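There are 2 protein chains.
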Amino acid sequence: MTAERWYRRSGDEGDVCVSTRVRFARNISKYPFPGRMSDDATRRLISETATALSKSEIGAHFRLVDMEQCSSLERAALVERHIISPDLAEGGSPRAVLISDDESMSVMINEEDHLRLQVLAPGLDVKKTLERARQLDEVFDRELGYAFDEKLGYLTKCPTNLGTGMRVSVMLHLPALEEAREIGGVISAAGGAGLTARGIYGEGSAAEGSLYQFSNRITLGYTEEEVCDRLEQVARQIIEREHTLRRRSLESDREGVEDRVWRAVGTLKYARRMDTSEALRLLGEVRVGASLGILPTDCGRLNELLWAVRASNLSLSAGKELSPSERDRRRAELLRGIEEGSFKI
Amino acid sequence: MTAERWYRRSGDEGDVCVSTRVRFARNISKYPFPGRMSDDATRRLISETATALSKSEIGAHFRLVDMEQCSSLERAALVERHIISPDLAEGGSPRAVLISDDESMSVMINEEDHLRLQVLAPGLDVKKTLERARQLDEVFDRELGYAFDEKLGYLTKCPTNLGTGMRVSVMLHLPALEEAREIGGVISAAGGAGLTARGIYGEGSAAEGSLYQFSNRITLGYTEEEVCDRLEQVARQIIEREHTLRRRSLESDREGVEDRVWRAVGTLKYARRMDTSEALRLLGEVRVGASLGILPTDCGRLNELLWAVRASNLSLSAGKELSPSERDRRRAELLRGIEEGSFKI
Numbered sequence: 001m002t003a004e005r006w007y008r009r010s011g012d013e014g015d016v017c018v019s020t021r022v023r024f025a026r027n028i029s030k031y032p033f034p035g036r037m038s039d040d041a042t043r044r045l046i047s048e049t050a051t052a053l054s055k056s057e058i059g060a061h062f063r064l065v066d067m068e069q070c071s072s073l074e075r076a077a078l079v080e081r082h083i084i085s086p087d088l089a090e091g092g093s094p095r096a097v098l099i100s101d102d103e104s105m106s107v108m109i110n111e112e113d114h115l116r117l118q119v120l121a122p123g124l125d126v127k128k129t130l131e132r133a134r135q136l137d138e139v140f141d142r143e144l145g146y147a148f149d150e151k152l153g154y155l156t157k158c159p160t161n162l163g164t165g166m167r168v169s170v171m172l173h174l175p176a177l178e179e180a181r182e183i184g185g186v187i188s189a190a191g192g193a194g195l196t197a198r199g200i201y202g203e204g205s206a207a208e209g210s211l212y213q214f215s216n217r218i219t220l221g222y223t224e225e226e227v228c229d230r231l232e233q234v235a236r237q238i239i240e241r242e243h244t245l246r247r248r249s250l251e252s253d254r255e256g257v258e259d260r261v262w263r264a265v266g267t268l269k270y271a272r273r274m275d276t277s278e279a280l281r282l283l284g285e286v287r288v289g290a291s292l293g294i295l296p297t298d299c300g301r302l303n304e305l306l307w308a309v310r311a312s313n314l315s316l317s318a319g320k321e322l323s324p325s326e327r328d329r330r331r332a333e334l335l336r337g338i339e340e341g342s343f344k345i
Numbered sequence: 346m347t348a349e350r351w352y353r354r355s356g357d358e359g360d361v362c363v364s365t366r367v368r369f370a371r372n373i374s375k376y377p378f379p380g381r382m383s384d385d386a387t388r389r390l391i392s393e394t395a396t397a398l399s400k401s402e403i404g405a406h407f408r409l410v411d412m413e414q415c416s417s418l419e420r421a422a423l424v425e426r427h428i429i430s431p432d433l434a435e436g437g438s439p440r441a442v443l444i445s446d447d448e449s450m451s452v453m454i455n456e457e458d459h460l461r462l463q464v465l466a467p468g469l470d471v472k473k474t475l476e477r478a479r480q481l482d483e484v485f486d487r488e489l490g491y492a493f494d495e496k497l498g499y500l501t502k503c504p505t506n507l508g509t510g511m512r513v514s515v516m517l518h519l520p521a522l523e524e525a526r527e528i529g530g531v532i533s534a535a536g537g538a539g540l541t542a543r544g545i546y547g548e549g550s551a552a553e554g555s556l557y558q559f560s561n562r563i564t565l566g567y568t569e570e571e572v573c574d575r576l577e578q579v580a581r582q583i584i585e586r587e588h589t590l591r592r593r594s595l596e597s598d599r600e601g602v603e604d605r606v607w608r609a610v611g612t613l614k615y616a617r618r619m620d621t622s623e624a625l626r627l628l629g630e631v632r633v634g635a636s637l638g639i640l641p642t643d644c645g646r647l648n649e650l651l652w653a654v655r656a657s658n659l660s661l662s663a664g665k666e667l668s669p670s671e672r673d674r675r676r677a678e679l680l681r682g683i684e685e686g687s688f689k690i
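Chains as they are written, first to last, in our numbering: chain D, 1 to 345; chain F, 346 to 690.
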């Protein structure tokens with residue numbers, strides 16, 4: 001039996017906040033740093049990590065996925081679902097990921113650091129996500145022993161991760177801020193509060209579908225709680241502003257907003273081919289429609305579609321590598337069929 | 346009981362040819378020419394014309410509409426439905442129109458000439474339409490006596506109508522010719538064959554919704570049959586070319602054509618407001634979809650919408666003068682509701 005996937009649940013502020021993520025960068029003290037390890041040592045690291053997890057209570061709900069056994073399609077699909085990073089997918093040496101049944105937790109092995117622990121949750125849920133990440137963290141510290149320095153904190157390959165080794169982020173859907181041209185100001189204000197804004201797939205990726213990832217820039221000199229509180233505080237302000245602008249546009253032109261939302265529904269239900277960027281834009285309109293009570297849609301149901309419409313997941317679900325035009329067709333097919341599944345209209 | 350309106354039937358080549366129209370310009374010999382008549386004389390002309398028609402067999406199916414008793418909205422709505430000309434709607438002196446129950450025949454009284462007889466038919470139907478126009482014509486010639494000259498033919502106010510006094514036209518939907526940028530060539534070739542191309546509301550109007558009216562330019566020196574044959578011949582060539590291009594685009598990119606058609610359906614079924622120009626464009630896509638067998642739509646059912654979506658008919662059906670934004674809302678409402686009525690999807 002498959003556990004219910006994390007992204008099918010709706011979370012706090014789920015109409016704006018797609019997800020919260022906490023990630024820890026960790027290295028095992030008894031191994032040389034990644035890049036200085038032999039393939040054999042790396043394979044031992046993988047096997048030891050898996051064993052360590054299996055000894056713990058939560059370990060029963062994980063499976064080990066060996067990157068060298070995966071097709072490039074399967075790896076790309078995992079990247080699209082935010083389970084692994086592009087670096088892990090593309091790396092050359094032995095590497096693997098442990099994935100929880102509900103896909104909310106993953107442990108990348110031999111990415112930039114020995115371990116990259118990640119916990120995802122729907123909506124805005126910083127504290128609980130941090131809590132769960134710590135539970136996972138303790139398992140490996142106990143079983144394997146982390147490289148830790150009293151002054152520098154967790155030792156990481158890249159100095160920007162020193163200290164807590166933690167990156168906490170929220171994925172926000174901000175079409176109203178974009179439309180009001182306030183997004184630039186919001187991003188720079190977030191920068192002043194120590195946060196970085198990125199696109200949907202992290203560093204260097206574009207903010208497709210009005211989706212922005214906000215994460216802490218600094219890991220050294222603050223406690224995990226301080227960093228998490230700061231992020232949550234800023235996120236709540238951004239979400240509130242997005243809500244205000246959405247409501248304001250509804251008040252000033254209800255019919256215009258309804259028109260946009262319903263046209264998006266009409267196109268999603270009838271188009272015969274669609275590219276990713278249009279799909280994300282239209283799903284964004286549906287999300288806004290749900291947020292404003294125009295559509296009786298559960299935003300949680302929309303999260304899954306954010307990656308289900310992407311190239312590799314479309315190919316994976318088709319069982320073969322699809323050409324761009326085949327993907328456009330399959331994407332439209334998928335979206336036409338969501339009436340019963342993912343949003344009621 | 347209301348007779349079934351002419352535009353609800355589908356005609357020959359109905360997927361490209363919306364309608365055929367024959368119009369006769371006639372003057373009654375015993376009256377001074379229009380413009381030189383007193384209002385009293387004009388009112389006598391109106392009453393005599395109505396009486397003449399009522400004596401004939403077909404006269405039972407006509408009603409007299411006095412322009413001076415109509416609101417400007419009602420007059421504009423009649424123009425949109427092609428029952429009267431803008432000149433009749435806007436003229437200052439007494440004027441009227443006799444309209445058949447099915448709206449296929451009308452007799453404008455005191456437009457540019459004493460009488461303007463008009464017969465409309467769905468699809469390409471030149472010969473039968475000419476035949477029906479002649480039957481109507483005979484009624485007034487017999488009862489009132491036309492101004493006729495052996496050499497000049499029917500005497501009309503404007504010399505461009507001398508001779509037969511006949512204007513025959515077809516309304517063609519030519520989106521594929523437009524898209525292939527062949528429309529300019531087609532119009533100039535038609536010009537070489539003595540035909541003029543105009544927009545949906547005649548002289549000076551734009552070719553909205555890819556709709557073009559082709560009519561004879563010359564009325565003197567040819568018989569009615571010659572002019573009609575010529576028009577039909579050219580129309581058939583244009584229609585054939587439009588069909589060829591539609592089929593060709595289907596062959597080269599079936600999915601793309603289907604995508605456009607179904608997106609149009611989706612937008613028509615879900616939009617909350619829509620302007621006339623978008624409505625005509627989307628209804629045009631539906632017409633093409635029906636033409637190519639993508640939609641099981643009867644093109645005859647679409648003809649009515651060509652004027653039902655227009656400003657004055659929308660206001661008239663609402664029972665009051667609507668503002669532009671109210672019209673956009675009502676137009677979208679009308680189009681959302683057509684599933685059962687006018688095209689099945």
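No lab work stands behind these hints: they were computed from the structure.
Quick caveat: nothing in here was measured; it's all calculated off a predicted structure.
Just so you know, even glycine gets a beta-carbon here, dropped at the ideal spot from N, CA and C.
Careful, some of the hints might be misleading.
Restricting the straight-line Cα-Cα distance to at most 25 Å, the calculated cross-link-like pairs of lysine to any residue (SDA-like) are [stated by the list, open to error]:
1) 320(D) <-> 296(D)
2) 269(D) <-> 595(F)
3) 665(F) <-> 269(D)
Incomplete in silico selection of chain F near chain D, CB under 7 Å [to be verified]:
4) 487
5) 488
6) 491
7) 492
8) 597
9) 604
**OP:** Hint by hint, work out which the structure violates, then give me just those numbers in ascending order.
**Re:** 1, 3, 4, 5, 6, 7, 8
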